[in-house]
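If you read the protein sequences in the order shown, they are chains Y and G. Each residue of the first sequence is one higher than the last, beginning at 2 in our numbering. Each residue of the second sequence is one higher than the last, beginning at 2 in our numbering.
For the record, the hints were derived by calculation from the structure and aren't laboratory data. Some hints here could point you the wrong way.
[Said to hold, decoys possible] Cross-link-like lysine-lysine pairs, in silico, DSSO-like; alpha carbons within 30 Å at most:
id: 1; chain 1: Y; residue 1: 415; chain 2: Y; residue 2: 396
id: 2; chain 1: G; residue 1: 119; chain 2: Y; residue 2: 617
id: 3; chain 1: G; residue 1: 162; chain 2: Y; residue 2: 603
id: 4; chain 1: G; residue 1: 26; chain 2: Y; residue 2: 1174
id: 5; chain 1: Y; residue 1: 1104; chain 2: G; residue 2: 26
id: 6; chain 1: Y; residue 1: 739; chain 2: Y; residue 2: 771
id: 7; chain 1: G; residue 1: 98; chain 2: Y; residue 2: 1166
id: 8; chain 1: G; residue 1: 26; chain 2: Y; residue 2: 603
id: 9; chain 1: Y; residue 1: 547; chain 2: Y; residue 2: 634
id: 10; chain 1: Y; residue 1: 1098; chain 2: Y; residue 2: 1174
id: 11; chain 1: G; residue 1: 119; chain 2: Y; residue 2: 1162
id: 12; chain 1: Y; residue 1: 603; chain 2: G; residue 2: 159
id: 13; chain 1: Y; residue 1: 1162; chain 2: G; residue 2: 122
id: 14; chain 1: Y; residue 1: 597; chain 2: G; residue 2: 162
id: 15; chain 1: G; residue 1: 119; chain 2: Y; residue 2: 560
id: 16; chain 1: Y; residue 1: 1162; chain 2: G; residue 2: 98
id: 17; chain 1: G; residue 1: 26; chain 2: Y; residue 2: 1137
id: 18; chain 1: Y; residue 1: 593; chain 2: G; residue 2: 119
id: 19; chain 1: Y; residue 1: 597; chain 2: G; residue 2: 122
id: 20; chain 1: Y; residue 1: 1069; chain 2: Y; residue 2: 739
id: 21; chain 1: Y; residue 1: 1123; chain 2: Y; residue 2: 1181
id: 22; chain 1: Y; residue 1: 546; chain 2: Y; residue 2: 507
id: 23; chain 1: G; residue 1: 119; chain 2: Y; residue 2: 603
id: 24; chain 1: Y; residue 1: 1151; chain 2: G; residue 2: 98
id: 25; chain 1: Y; residue 1: 1166; chain 2: G; residue 2: 32
id: 26; chain 1: Y; residue 1: 603; chain 2: G; residue 2: 98
id: 27; chain 1: Y; residue 1: 1041; chain 2: Y; residue 2: 1177
id: 28; chain 1: Y; residue 1: 739; chain 2: Y; residue 2: 808
It should be emphasised that the depicted structure is a prediction, and the values quoted were computed from it without experimental measurement.
The primary structure of each chain is shown beneath.
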Amino acid sequence: MISSNFSTIDGNEAAAYIAYKLSEVIAIYPITPSSGMGELSDVWSSLRKPNIWGTVPVVQEMQSEGGAAGAVHGALQTGSLTTTFTASQGLLLMIPNMYKIAGELTPTVFHVSARALSAQALSIFGDHSDVMAIRQTGFAMLCSNSVQEVMDTALIAHAATLESRIPFIHFFDGFRTSHEVSKIEMVPEEIIREMIDVKLITGHRQRALSPDNPFIRGTAQNPDVYFQGRETVNKFYDNCPAIVQSNMDKFFKLTGRRYNLFDYYGAPDAERIIIMMGSGAETVEETIDYLKSTGDQKVGVLKVRLFRPFSIRHFINTLPKSVKKIAVLDRTKEPGASGEPLYKDIVSAICEVMTSDNPPFEKYPHITGGRYGLSSKEFTPAMVMGIYEELKKDKPKNHFTIGINDDVTFTSLKYNKTFTKENDSVFRAMFYGLGADGTVGANKNTIKIIGEETDNYCQGYFVYDSKKSGSTTISHLRFGSNPIKSSYLIGSSNFVGCHQFNFLEKFDMLKNIVEGGTFLLNSPYGKSEIWDKLPRLVQEDIIDKKINFYAIDAYKVAKETGMGSRMNTILQTCFFAISGVLPKDEAIEKIKHSIKKTYGAKGDEIVNKNFNAVDKTLENLFKVEIPDKASSKIELPPIVSLDSPDYVKNVLAKMISGNGDEVSVSEMPIDGTFASGTAQWEKRNIALQIPEWDEKICIQCGKCAMICPHSTIRIKTYDKKYLENAPAGFKYMQAKGKEFGEDTLYSIQVAPEDCTGCTLCYEICPVKNKSEVRLKALNMVPQLPVKEKEKTNWKFFSELPEYDRTKLNIGSIKDSQILQPLFEFSGACSGCGETPYIKLATQLFGDRMIIANATGCSSIYGGNLPTTPYTINIDGKGPAWNNSLFEDNAEFGMGMRLSIDKHYEYAAELLITLSYYLGEVFVTEILHAPQNTELEILQQRERISLLKEKLRGIHSRDSELLLGIADYLVRKSVWIIGGDGWAYDIGYGGLDHVLASGKNVNILVLDTEVYSNTGGQMSKSTGIGAVAKFATSGKANPKKDLGLLAMSYGNVYVARIAMGANDLQTLKAFLEAEAYDGPSLIIAYSHCIAHGINMEKALDSQKAAVDSGYWQLFRYNPDLIKEGQSPFKLDSKPPKIKFEDYAYKETRYKMLTKSHPEHAKYLLKLAQEEVNKRWKHYEKLEQEFAPEKDSKNKN
Amino acid sequence: MDLTTKYMGLNLKNPIVPSASPLSKNLDSVKQLEDAGAAAIVCYSLFEEQITHEANELDHYLAHGTHSFAEALTYFPDVEDYNLGPEDYLRHITRMKESVHIPVIGSLNGVSTGGWIKYAKLIEQAGADGIELNVYYIPTDINLPGYEVENMYIDILKAVKESVNIPVAIKLSPYFSSFANMAKRLDEAGADAIVMFNRFYQPDFDLDNLEIVPHLLLSSSYEMRVPLRWIAILYRKIHASMAATSGIHSAEDVIKIMMAGGDAAMMCSDLLRHGPIRITEVLSDLMAWMQEKEYESISQMKGSMSQKSVAEPAAFERANYMKVLNSYKI
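Using the sequences and the hints given, assemble the complete structure.
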């Protein structure tokens, strides 16, 4: 055996490590939670790391998983060792090719971090829904249950596929295993080499397509032979299990780690046995050990590793003959099926052997099936005990669920929720932090230090909320002398770190701490005042549980040591200083060593800064004296306002407070439908500073409200009579403009608890205070001192009536911003560049808008629970929103259009049919009413309201049918919204088709030039020279010109906009696009956190993009052709600055000068040439597109 | 005619040295400077802020927003190695050395004794013949006494001197309570040359946008009178060489500096205006003047009009001030 080599990595890295070393071609596409595997491969490839045969694998990002599967198929057919990584919908998109690959007996391994599928909702979290949807494709399926197993099984899969010629899916639980950081024994290259027989590779090459040895594969077969052809593969499937087993045996000989097709753990004479796949089996093993210690001996677990081909023989041989009751656990749901897949396999396997000549069991074992762990739902020892308890019953419940409360169909098993089981020899630590404060980074580093510098095993798992700004993270760390099997969150913790003081009022974080445990609090309060600032509940817990309480003002230390707002090094040092995991001095030395390792590449300055932070931490950390009694009067505030609707108070509030697991089935909507406008109830208070209005110098331009990404700056004009009950200090001024009367007042108000403090409003404000030029009409002030005052003002402001839309000139920025946004308080990143566009659309058209939203950032901040931002106006009207998938969004939106048009057509037909009763004049009026202006739409709404009244008095089938669709006689605005990953890549085919259809849809592309939601992977929108994931060495090709492609149709409205550079052009584009009776495409420059920019100065980036000529602003309006004008108008001025002056202000471009300086120069030159070339082209377009003079004369 | 001079221990073929400017950023113009007759070249500056800022910036933006959201734990590929710090600059120094035969002086611009001092050593290793240490510091802290500012200069100089074996010049501003004493202290701390003076680019106000804007004005000839005076005063009172920079635009300016006691006359603004060829013109004017006035060598005129050598030493002192005021007739 070769000497041990341990590393602390996550499941994705474990899989990628093997896959990379054994592949020549890797075709990928990002999808959570598998993206990490592709990203690592891409980085390794860019660093020219070779595979085990000394050549560097080619890593190619494709436009979709369907594309990746096609590329894999092609590479395999031409004899390359090929792999891919995917999950969830991605795996589903690969299905057609998987049939082909399997049908052609082609060896490959797809590594899958198994994830839930979109059904009633999307979920990025782990379960087996995806892999269970491909079990019919002919791929073998091999499952890993832990990070170590991922590495080991990956290798076994690669070896077995070559030998068996059956392609493999190697899968493991998304997030729980793919993202768990664990100390594992690496498989050295020698062993990898040993496991792979080169002759098998030669065989694969010889079967490849080659004109030097030509043949044809992929024929079409007729009824006479297709069936027989399908049966030819049987013997390969028959042989496959034995081949896998022999590779497992070989692996055991080489490493000492034993795997079997089915592994059994527990009493040899067990009577109650759980059968399952995945990480949950580790938890069952742990629970079995515990039960053993309590005297409950006759239990066991059978872990299925090779799920396909399913070897009944191996299965029966592994199952103890003593078994009486079996619970088969599936981490998936098949509605309507007689049972979930693994359950049915086990039932049929047992049935087959029990009806054979030689039944292995004396009595038919009782088999029940159950579902657990969907979408990473926790699966804990308590649940395992609940299942074993159930199996004690004479008639255990079948088709049960565990881990939820099903109070509708009562499938759920009861279990003791308060039971926690933790191994006392394992040190457990939990940390509550903010995404932005570096908590997770610190903990990942801590695990690495302990994993790599000590003999301890370790495990780290990280829980994030679904907001992109002010998000909370909870880290779960375990350390111990044996491998850690606990694949669930920490139930009781030796150490709790609270890295944000205000969390004390949000989370009951000491509920998990053990008696005598250690609590670390990051506190702005010093020794003398800290105790009095704690909520009563926290004080009581500290006293009752005899907690060792330490505190530090980490923000102060961070500021003093130049660390900014990142406290990772500081809090990590605190942990080591007081947890006792390692001797203090040794720990500090190791932290410094690790700092050197982590930051060495970024220069001495960074290293020294961190060293300094370590030293200063030790000086500032203090232990708090604990009084005998709790004295605090601070109580935990309610989670949501008492004014909120019942559903928010009773259900959504549980999710907000981190107790969503308590929501029962009956509390969830049956079809994924939720009320609009719930984000307003989740007061997150994440801003440290918020804007304050100076009405004395405001010029009422409206720019602040327009740019506000979270709709927290609001403008209203209203009659002065409403001021009567205004709270003291509520600010207002006379409204400017002819459209307002003398009695009209104007107010700008901030929503103080919803603002994220991004400062874009301050940045865009064009006014300067004449006495102190740093002050503008909006100035950032600390939130806390003004919070209560502004809360009162906000409440009053919210209750002021909205101004009559029909009286506003919505073509001006100023008036457009008086319109109510119907998209408010999203969880998007602070300073998001996308949301201002969406908000604007809802202001202009929200009351008649239907949105098809591609999966991505906009679907997450638009529709991720617990609360959502699309809301309604006083009349109950607002955007109707749905997210279908990533790839089909244009088609999804077009379907909506077709349906709405059909409704209109049928309603019109019914109107005519019913005109006798309704009055012909009235019907004609409805059918011919113009609906172009706010007033005309309002008038049509009134007509329809009258129509409905009339219809209710007519009792006929037609009147009833018309009542159901009468609202569609009012114009509806269909919006198809998504990012560049969708529009340029995965959804381009559909987008193109929809553009070509001529249908009246409005397509808004929020162009961040990368896949922002999955962490910044390259798309075809990425600019040349920009670094992105999958473009580590800078993107080599220019950005696709989507606008030009769309303009080539001639009948598509196209605009390219950048709100931060030209807001009026943006507004015009939205109005024109919506007014155009045909397809419209708006490509909107969206600055993004993935650009590596100062988000506060993001508008400068937008301006620079335009000023450099890189982002040409234009509008192409086919309606103008009818007027004899050129449809094309270039709204940008000629380039004022060099591309470099724009690009090198952004890390995405700049970092290439640091990582690949020479290449950066080369790409910069190409980029500038491309800008010049495109600009020249665009300059000519107005003339090129101008209609012939003849047509002008006709007008 | 002998135009040679010795500056910071380096033998120069004439006194004209282009000071740190964008002209040294590309090798073509470096070569042109040499061809035009430059006696040495001060390379553009490597800024302390540039080194630390770039590292901090990269660290900040690569980490910004990471580990906050389950789907996007990071936003950039994990590149293991970055070419941070002065690599580009050092490579440029080496290339300059390879392409010209005249001495190349590296320029290090900063205000602290932090880690960046080590780049002096690297500049030496890259092949520079000397280092010009440019301390550009605006003491805005009202609690900071002048002696601490002076000490800071001395500390930086000492730190650099200790780390290298090549000569070190220090370039600074004239804004000291007692510049003569300051020069003496720098001299004692080991400065091989004092470069007089740094031009402070004073910010301007943009009245349309109510913003402070940087405003680079190229120097004019009269600005050389400040170094002229101080060189004249310090001549023979310190051991370090002296160079004048700011406002040297003509042969006359060069001659004046030499006569005051300077060892080198540094040109920048005029070269930016007219190109490297200006050096050739100045040199030719210089030689014509010397010929006409029958000067044999630069060393002959060096210091000839220093405070020590003139009949009226008070002309460099308060008396000159009175004279100037009285000379203005309404």
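Now for the hints, and whether the structure bears them out:
Simply put, residue 415 of chain Y and residue 396 of chain Y have alpha-carbon atoms about 15 Å apart, close enough for the 30 Å limit, and the pair holds. For the hint linking residue 119 of chain G to residue 617 of chain Y, the alpha-carbon distance of about 25 Å falls within 30 Å, and the restraint holds. Restraint check: the Cα-Cα separation between residue 162 of chain G and residue 603 of chain Y comes to about 27 Å, which is no more than 30 Å; the hinted pair holds. A hinted pair counts as satisfied when its Cα atoms are at most 30 Å apart, and residue 26 of chain G with residue 1174 of chain Y qualifies at roughly 28 Å.
Pair hint residue 1104 of chain Y plus residue 26 of chain G holds up; C-alpha atoms about 29 Å apart against a cutoff of 30 Å. Distance check on the hinted pair: residue 739 of chain Y and residue 771 of chain Y sit about 27 Å apart at the alpha-carbon level, within 30 Å; holds. This hinted pair checks out: residue 98 of chain G and residue 1166 of chain Y have alpha carbons roughly 27 Å apart, not beyond 30 Å. For the proposed pair residue 26 of chain G and residue 603 of chain Y, the alpha carbon gap of about 25 Å is at most 30 Å, so the pair holds.
With a C-alpha separation of about 21 Å, the suggested pair residue 547 of chain Y and residue 634 of chain Y falls inside the 30 Å cut-off, and the hint holds. Only pairs whose Cα atoms come within 30 Å are accepted, and residue 1098 of chain Y paired with residue 1174 of chain Y is accepted, the gap being roughly 29 Å. At roughly 27 Å between alpha-carbon atoms, residue 119 of chain G and residue 1162 of chain Y fall within 30 Å of each other, so this suggested pair holds. With a CA separation close to 27 Å, the supplied pair residue 603 of chain Y and residue 159 of chain G stays within the 30 Å bound.
The suggested pairing of residue 1162 of chain Y with residue 122 of chain G holds, with an alpha-carbon distance near 27 Å, which does not exceed 30 Å. For a cut-off of 30 Å, the pair hint linking residue 597 of chain Y to residue 162 of chain G stands: about 28 Å separates their Cα positions. Straight-line distance between C-alpha atoms of residue 119 of chain G and residue 560 of chain Y comes to about 26 Å, which keeps the hinted pair within the 30 Å bound. For the suggested pair residue 1162 of chain Y and residue 98 of chain G, the alpha carbons sit about 23 Å apart, so the restraint of at most 30 Å is met.
This hinted pair checks out: residue 26 of chain G and residue 1137 of chain Y have alpha carbons roughly 23 Å apart, not beyond 30 Å. Under the criterion of a C-alpha separation no larger than 30 Å, the hint pairing residue 593 of chain Y with residue 119 of chain G is consistent with the structure, at around 21 Å. For the proposed pair residue 597 of chain Y and residue 122 of chain G, the alpha carbon gap of about 22 Å is at most 30 Å, so the pair holds. Between residue 1069 of chain Y and residue 739 of chain Y the alpha-carbon distance is near 21 Å, which keeps this suggested pair within the 30 Å criterion.
Straight-line distance between C-alpha atoms of residue 1123 of chain Y and residue 1181 of chain Y comes to about 20 Å, which keeps the hinted pair within the 30 Å bound. At most 30 Å may separate the alpha-carbon atoms for a hinted pair to count; residue 546 of chain Y and residue 507 of chain Y meet this at roughly 20 Å. Between residue 119 of chain G and residue 603 of chain Y, the direct Cα distance comes to roughly 16 Å. Compliance with the 30 Å bound is thereby established for this hinted pair. Taking the CA atoms of residue 1151 of chain Y and residue 98 of chain G, the gap is about 28 Å. The hint holds against a cut of 30 Å.
The suggested pairing of residue 1166 of chain Y with residue 32 of chain G holds, with an alpha-carbon distance near 24 Å, which does not exceed 30 Å. A distance of roughly 28 Å separates the Cα atoms of residue 603 of chain Y and residue 98 of chain G; the hinted pair therefore holds under the 30 Å criterion. For the hint pairing residue 1041 of chain Y with residue 1177 of chain Y, the CA-to-CA distance comes to about 17 Å; that is within 30 Å, so the pair holds. With a C-alpha separation of about 11 Å, the suggested pair residue 739 of chain Y and residue 808 of chain Y falls inside the 30 Å cut-off, and the hint holds.
Of the hints listed earlier, there is not a single one the structure fails to meet.
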